[in-house]
Amino acid sequence: MTIDLTIVWAAIIFFAVFVYVVLDGFDLGIGILFPSFQPGQQRDTAMNSIAPLWDGNETWLVLGGGGMLAAFPLAYGVVLSALYAPIVLMLLALIFRGVAFEFRWRDPAHRPAWDVAFCGGSFLAALAQGVVLGALLQGIQVSGRAYAGGWWDWLTPFSLLTGVGVVLAYALIGATWLVLKTEGALQAQAVRHARRFGGATLAAIVAVSLATPFLAGHYFDRWLRFPNIWLVAPVPLLVALASYAFTRSLRAGRDLAPFLLTLCVFLLCFVGIGISIFPYVIPGAVTIWEAATERSSQVFMLVGTAVIVPLILAYTGWAYWVFRGKVSVEGYHA
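Mind the numbering: the sequence shown is residues 1 to 334 in my numbering, read in order.
None of these hints come from the bench; they were simulated from the model. It is possible that part of the hints are untrue.
[Unchecked claim] Label-pair restraints from in silico Cβ distances:
1) P227 with G40: 55 to 63 Å
2) A146 with D221: 24 to 32 Å
3) A146 with V88: 13 to 21 Å
4) G56 with A146: 32 to 40 Å
Idealized CB from N, CA, C, for every residue including glycine.
Work out the full structure, taking the sequences as your base and the hints as a guide.
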């Protein structure tokens, strides 16, 4: 039996993007929440919780983007042309945020300014990622093998809705990370943030889910026509159950459970996106097979990926194990 490497590569990129969203999501979320923390010990402790990990998390963004370029070059070219502005904004925000992260420790005389830069870069990066998602879901005009739309096609009420939704979701996972990693007054504040942003994120998920089926006919068929509706119904039901369990875990004073349940909601949202767009890489325009490179190239890249991805998983897991447990203001690792 011949393995369809195009599906394998689609799964690899899907996995890389999901891991990036989870891992970089909570440190972007901490940046979004940063103004609510008191200057000094609270902000330093929040930064310390991600200091050993944050730059390694972005490895998965490189893998996802590089994998799309290598495995689906047509889709990469079209998507980059259509979404050039929000993608560049995201990259600049990530760079600016990274610089601010380091300089707030090295340049204490201007720390308030670097804190503003850290928060602003985190917010803009999250917003841009959500806008990219919304613009992709609503469809990209393709003619032949090239982008056929305009410069501002990505900017719509739906893409702004998904942008705000991602900002809220990142703030939620950032709050649950702090519930896991901190103690005392900061943890109590993180619990309050988790409650607020948990409700706001669920509302955003509902709003996006209600709007998506009406963007295109194949979305409507996947989610709202029989018999498909019975096949996809477990996804929203599981989101509701995870949200209920999340609320119960916060009330019970759990440390780890809110973070894990937030990850479950993120995974279910990714499954929902996959249900909506498969087998398209550009919804309604280009399938994964139309966008894929030739099989020999896929095989060559898969050999390297089979070596690299386990190594990345191993050192990522080791880093999280080494820096497990609660963090304090003195726990900064330069």
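Hints, verified against the model:
1. P227 with G40: 55 to 63 Å: 58 Å, holds
2. A146 with D221: 24 to 32 Å: 28 Å, holds
3. A146 with V88: 13 to 21 Å: 19 Å, holds
4. G56 with A146: 32 to 40 Å: 36 Å, holds
Consistency with the previously given hints is maintained throughout, with no hint failing.
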